[in-house]
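Assemble the whole structure, with the sequences as input and the hints as a guide.
Chains L, G and X are the protein sequences, given in the same order.
Going by our numbering, the first sequence opens with residue 1, and the numbers climb by one from there.
Going by our numbering, the second sequence opens with residue 1, and the numbers climb by one from there.
Going by our numbering, the third sequence opens with residue 1, and the numbers climb by one from there.
Honestly, the hints are just simulated from the structure, not real lab data.
Beta carbons: idealized from backbone N, C-alpha and C, even for Gly.
Any given hint could be a false lead.
Not the full set, but computed from the structure, chain X residues with beta-carbon under 8 Å of chain L [claimed, not checked]:
{"no.": "1", "residue": "ILE113"}
{"no.": "2", "residue": "VAL246"}
{"no.": "3", "residue": "ALA253"}
{"no.": "4", "residue": "GLU257"}
{"no.": "5", "residue": "ALA414"}
Footprint (simulated), chain L over chain X, 3 or more residues, beta carbon under 8 Å [stated by the list, open to error]:
{"no.": "6", "region": "87-96"}
{"no.": "7", "region": "405-412"}
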Amino acid sequence: MTVRTVDRVVGPRRPARPSPPAARERWSFLDRETPLGYLLVLPMAVVVLGLVGYPLVLTVWFSLTDKSLGSDTVSFVGLTNYLELLDDPVFARTMWNTFNYTVTAVLAKLVLGLVMALALNEVRRFRRFFRAAFLLPWVVPSSLSVLAWMWMFQADFSVLTYLGRQVGLVDGNIPWLGEAGWAMAAVQTVNIWRGAPFFGIIILAGLATVPKELVEAAVVDGASAWQRLRYVILPHLTPILVVVTLFSFVQTLGDFQIVWILTNGGPVNSTHLISTLAFRTGIRGADIASGSAISFFVFPALAAIIALQLTVMRRKAK
Amino acid sequence: MTTVSGRAARPPLPAPPPRTGRLLRRLKLGRRLLITVTMTLFTVFTLFPFVWMALTSLRTGSDLYRVADRPFSVSGLTLEHFRELLTETKFLTWTLNSLIVALSASAIALVIGVPAAYSLGRLRYRGGAVVGVIVFSTYLLPPALLFIPMNVVVNRLHLGNTLGALILVYLTFLVPFIAWMLSSYFQSLPVELAEAARIDGASRLRAMMVIDLPLVLPGVVSVFFFAFTLCWQEYLYALTFVRSTDKQPVAVGLVNALQVGDVFAWGQLMGGALLGALPVVIIFSFLMDYYLSGLTAGAVKG
Amino acid sequence: MAHLSRTGLTRRHALSLGLGAGLTVALAACGEDGTSTAGGTSLGGASLTGLMRASFIPAIHELQQKQATAWADSHDGAVELTFAKEWREQIAAVVESRAGEDLGELFANQAHIYADRLVDLTDLCESIGEANGGWYDVARAACVVDGRWRAVPRAYTAHVMNWRTDLFAQVGITEFPKTWTGLVEAATRLRDAKLPRVALTMSQAGPNDSASVAYSLLWSYGAAEVEKDGKTVAINSAETRAAIKVMQDLAAASAPEISSYDEGGNNTSFLAGKIAVTQNATSIWYTAQKQAPDVAKNMSHARYPEGPAGHQQLVEMNSLAIFSHSKRIEPAKNLFGHLMDKAQLGKLAEIALTYYTPLLKGYDDLPTMPWNSEAKLKGLKGLAAGGHMPGWPGPASRQSAQAYNNQTIVNMFARVISGKASAEESIRVAEGELKKVYGG
Chain L
1 MTVRTVDRVV
11 GPRRPARPSP
21 PAARERWSFL
31 DRETPLGYLL
41 VLPMAVVVLG
51 LVGYPLVLTV
61 WFSLTDKSLG
71 SDTVSFVGLT
81 NYLELLDDPV
91 FARTMWNTFN
101 YTVTAVLAKL
111 VLGLVMALAL
121 NEVRRFRRFF
131 RAAFLLPWVV
141 PSSLSVLAWM
151 WMFQADFSVL
161 TYLGRQVGLV
171 DGNIPWLGEA
181 GWAMAAVQTV
191 NIWRGAPFFG
201 IIILAGLATV
211 PKELVEAAVV
221 DGASAWQRLR
231 YVILPHLTPI
241 LVVVTLFSFV
251 QTLGDFQIVW
261 ILTNGGPVNS
271 THLISTLAFR
281 TGIRGADIAS
291 GSAISFFVFP
301 ALAAIIALQL
311 TVMRRKAK
Chain G
1 MTTVSGRAAR
11 PPLPAPPPRT
21 GRLLRRLKLG
31 RRLLITVTMT
41 LFTVFTLFPF
51 VWMALTSLRT
61 GSDLYRVADR
71 PFSVSGLTLE
81 HFRELLTETK
91 FLTWTLNSLI
101 VALSASAIAL
111 VIGVPAAYSL
121 GRLRYRGGAV
131 VGVIVFSTYL
141 LPPALLFIPM
151 NVVVNRLHLG
161 NTLGALILVY
171 LTFLVPFIAW
181 MLSSYFQSLP
191 VELAEAARID
201 GASRLRAMMV
211 IDLPLVLPGV
221 VSVFFFAFTL
231 CWQEYLYALT
241 FVRSTDKQPV
251 AVGLVNALQV
261 GDVFAWGQLM
271 GGALLGALPV
281 VIIFSFLMDY
291 YLSGLTAGAV
301 KG
Chain X
1 MAHLSRTGLT
11 RRHALSLGLG
21 AGLTVALAAC
31 GEDGTSTAGG
41 TSLGGASLTG
51 LMRASFIPAI
61 HELQQKQATA
71 WADSHDGAVE
81 LTFAKEWREQ
91 IAAVVESRAG
101 EDLGELFANQ
111 AHIYADRLVD
121 LTDLCESIGE
131 ANGGWYDVAR
141 AACVVDGRWR
151 AVPRAYTAHV
161 MNWRTDLFAQ
171 VGITEFPKTW
181 TGLVEAATRL
191 RDAKLPRVAL
201 TMSQAGPNDS
211 ASVAYSLLWS
221 YGAAEVEKDG
231 KTVAINSAET
241 RAAIKVMQDL
251 AAASAPEISS
261 YDEGGNNTSF
271 LAGKIAVTQN
281 ATSIWYTAQK
291 QAPDVAKNMS
301 HARYPEGPAG
311 HQQLVEMNSL
321 AIFSHSKRIE
331 PAKNLFGHLM
341 DKAQLGKLAE
351 IALTYYTPLL
361 KGYDDLPTMP
371 WNSEAKLKGL
381 KGLAAGGHMP
391 GWPGPASRQS
401 AQAYNNQTIV
411 NMFARVISGK
421 ASAEESIRVA
431 EGELKKVYGG
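Structure representation (structure tokens):
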């Protein structure tokens, strides 16, 4: 396997040699890591920052003013919008909801994704079917799949309630979206349903990179399946688990559609997330100043995630 | 395919002592049972909503309201909802729009993101981490609000109400995503191959192109696929930047056409959800083989 | 703000250079920019574009587009209207960036929110009012900002009680209760007879339906969120307590699903025969005629019950506005005049089954209007007389729109229904939220 790949890659290298020396010298600064590094990262920086820079600055500015959507009279108010949020019970509840939603969903997706990948890795028959089946929730646009869940959570029409009644678990209707506890569980379930396959497929790819020799050596040494997982496979997967978890964390933290469509933040604000509250305040309520301030409260969490990501990247580079 | 599990490649184990043979067999049986149960549970979890969508979409309008009491008995199946979708809405136009946007945006994002990933994951230089932080921190901004100032940008570029607006704006989350995911692939490559090439006289850039890039190709393919799906499902930018019905992507067009007022056309909506997913599923199936052989090739890392 | 926009412009140019030729060319190819200006009301070959609210009757969309096209044909141009359920976000984006469509359909009191960027339509509105028997007060409240009309109050969506005549007959009631307490009585009888129950939505997931019930009940008991000055929060009152008490009694006899319904949930339940009463527009009946004939036959509509302060009702306003960035303001005004003409508006009201009810008194007695021509819509005439915008008796304003969107009043009732808070606690929470909004 290894050998074949190297052959394939080394092949086309040879024509490189006869390039004229003059040209090589002119471009030789590109052989140093610093200029090349900057050059390669430059297009990304230009495109992303160029496009996002202005909106970002504008949003920060909004959060420091009393700007209302569509209004032309704007005055600077300093940190008032932020300070007002600090003693707003709805906002406090939203922060807790966001934490609960994100942490629960990401952990569940990580565990389910891991199990999914490990099981998929062992299956020999119908592999393609399973893989396609597991990925389906991820590929359906969520604007549509969330509607399917909405239909399954309908007060009087929930097929889930029906199934629960059939096996005798419930009597009457389950208030899927009408009671705080159920509603949070419902939106988390949809997020997990949608996001677990992403973990599963990425981890599956990671499993393929676990050196077989290591696993086999562990088998010969009499390691149990659990020991192999714990001491051989998981350590090897750590980098990929970190990347995929962090990415999912960011995605989940900014999740909007599931809650907005299913519960609209209710009942009584018990499922509002930072993103949905920012939307309600800033767009529907037209108070874009306050909405912008709300949205910046994801900053500490994201900053921590990014710092973690960089640490991991740097440690690996060494 | 079998190489993924590594089973075929494994040398035969020494035959176990006869006494433990039965135990081992029983363990193996238990393991297979465990796997079968796990797979079944996952399949039910992931597919049930789709089965339910399909069942709903095949019901006639009036049958729908009898759902509550006996959801699985269907009187009179109909393909009417699908016919209406295909003939009375612009479903095919929307799908084409989605394809154009998703393919162009993902392709452009790859061209920009792959070199950045290489730079961030493979090269060591001062300031690289800072650039990385700044770019990734654009994820700070929730689209739930960002669409307002972003629309100003779109209009200044004279891209209002065009697919070009989406292609451009999607780069803001696709490029960091690609750079982020792929940089870890670049990191995990063995340095020796590229160094050998450099000793042979290849420039660093050339070593990247001919040595490293082919090795991370599986990663590129999978990242492209996920970028594609991110575009396919994006909603808020598509809703607000592209407002003409015949220019909308499928995720917005379908919802707009079918979720009118406060009476939801559940049958059509569910049919639409299924059809809206179809192109991605087809693409995924075509990509699948390549994608999977890619996964195994990733095993080169040692 | 203006200054900020200018610096944005230059930065944008720098960026488009930096993007690289290939990308720019590719994107420019997809681009489109129409900037023709014509004098007078002629479009000079150009198109007027508009962002409209999606309604449940597809024929409503077709009719509006047809009427607009007929006008466009005689004004040398075209009109393109797009209808979307989430048109509010589209309008927010367009108005804030001052580019895009020329006109739009505003929801509730958005005329107050976007007033700075809407064309003054005072002359047009006054003349329409004069020609049609005058506007209802609520129309003025919704669209007049600082003395100028910023939108044409075309029509409101009538929220009414949808009720099952056959089920009520089984408990000995032949007419829909006139008062809230009468409704509580009916609800109790239905519950005790183990029949499908009353179900008025009171959930955050169904914002328009819930607000309609919450504000209407509150007002008809003489309570209000704010004083006439639009600043002093007035929710903590004996009247509010009385309204909450009625809601508690009603909820106790209602279907428990009222806390779960989204905007369409009550419709589906009613269509399936699961509930006996729900508040809604006439969309249920429209659908029932096609998909649930048994329900259609046995249902009727009634106005909201009265309280000690009479019949007071939240009005769901749909008004037409021209965005000030439009380069075709005169043609757009002329189009509005055409659409508000009796021939056009009358036709719309006729097919819309009170989903679009004009706010002009001259329409009340026209024999072709649904409330006069349809037996099941009798009694729905002149609902706008008791109609108000959120924030009443204070003026409609940004603040009242915010309170509406925060769902403060809805949640005040919902908390009590769920048993999570006592009436006193719930009022205090609502008072806190309102004070934040109204700055008191």
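Each hint tested on the structure:
no., hint, result
1, ILE113, "holds, 5 Å"
2, VAL246, "violated, 20 Å"
3, ALA253, "violated, 16 Å"
4, GLU257, "holds, 4 Å"
5, ALA414, "holds, 5 Å"
6, 87-96, "holds (count 5)"
7, 405-412, "holds (count 4)"
Checked against the numbered hints above, the structure violates hints 2, 3; every other hint is satisfied.
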